[in-house]
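Asker: Sequence:
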Amino acid sequence: MIDKIRLHLREELAEEYRPNFGLSAGLDGHLCGFLGVSHSDLIQQVRLGKTDDEIAEWCFSNGLRPNSIQRRIWNGFAEKFGWRDVAAPFMERVKIEEGLVHRDDLVTAFDLMDALEGR
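Quick note on numbering: numbering that gives the first Met the number 0 labels position 47 of the sequence shown as 46, and the sequence is numbered without any gaps.
Just so you know, the hints here were simulated from the structure itself, not pulled from any lab data. Where is the CB? At the ideal position from N, CA and C, for every residue including glycine. Take these hints with a grain of salt, some might be off.
To be verified - Across the chosen pairs, the derived CB separations fall in these ranges:
# : residue 1 : residue 2 : range
1 : Arg118    : Asp84     : 19 to 27 angstroms
2 : Phe59     : Pro18     : 25 to 33 angstroms
3 : Arg71     : Gly35     : 14 to 22 angstroms
4 : Glu53     : Asp104    : 33 to 41 angstroms
5 : Arg70     : Lys3      : 18 to 26 angstroms
6 : Glu116    : Lys79     : 14 to 22 angstroms
7 : Glu91     : Glu56     : 37 to 45 angstroms
As the list claims (entries may be wrong) - Lysine-lysine pairs mimicking DSS-like chemistry, simulated, CA-CA at most 27 angstroms apart:
#  : residue 1 : residue 2
8  : Lys94     : Lys79
9  : Lys3      : Lys49
10 : Lys79     : Lys3
11 : Lys3      : Lys94
The task is simple: from the sequences and hints, build the whole structure.
Answerer: Here it is in structure tokens:
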């Protein structure tokens, strides 16, 4: 997410990421909600030129510092995002738009991102 913000600030964010940048319904919005920080405040921290570690520490100091169980829960949620959840209709729409509807293996947001980015 921090790298996307940096690209956005340099006006280099790929076109396919621009419409959903910072949306509360996406993974970035969910992560900000989980941490208890706003995406716009996070952008400001990146704009100040802070390192990834400094930005993470700012998030933890101004929101939630997740413990090991909370990190495991977040990671499990993120890994499955798009599979049989609120993001599933978005996934299907993008698969149709990108001509990937035949790809039954693309079930999570990360699967779809990997396919769209050629990985």
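Asker: Does each hint hold? Answer for all of them.
Answerer: Hint check results:
Remark: the range hint 19 to 27 angstroms for Arg118 to Asp84 is upheld by a beta-carbon distance near 23 angstroms. The beta-carbon spacing between Phe59 and Pro18, approximately 30 angstroms, falls within the hinted interval of 25 to 33 angstroms. The hint said 14 to 22 angstroms for the Cβ distance between Arg71 and Gly35, and at roughly 18 angstroms that hint holds. Separated by about 38 angstroms at the C-beta atoms, Glu53 and Asp104 satisfy the suggested range of 33 to 41 angstroms.
Checked against the given bound of 18 to 26 angstroms, the beta carbons of Arg70 and Lys3, roughly 21 angstroms apart, stay inside it. In this structure the hint that Glu116 and Lys79 lie 14 to 22 angstroms apart at CB holds, the actual value being about 19 angstroms. A hinted range of 37 to 45 angstroms holds for the C-beta pair Glu91 and Glu56, which are about 38 angstroms apart. For a cut-off of 27 angstroms, the pair hint linking Lys94 to Lys79 stands: about 17 angstroms separates their Cα positions.
Restraint check: the Cα-Cα separation between Lys3 and Lys49 comes to about 14 angstroms, which is no more than 27 angstroms; the hinted pair holds. With a C-alpha separation of about 21 angstroms, the suggested pair Lys79 and Lys3 falls inside the 27 angstroms cut-off, and the hint holds. A threshold of 27 angstroms between alpha carbons decides the hint, and for Lys3 with Lys94 the separation of about 22 angstroms falls inside it, so the pair holds.
The earlier numbered hints are all upheld by this structure, with none contradicted.
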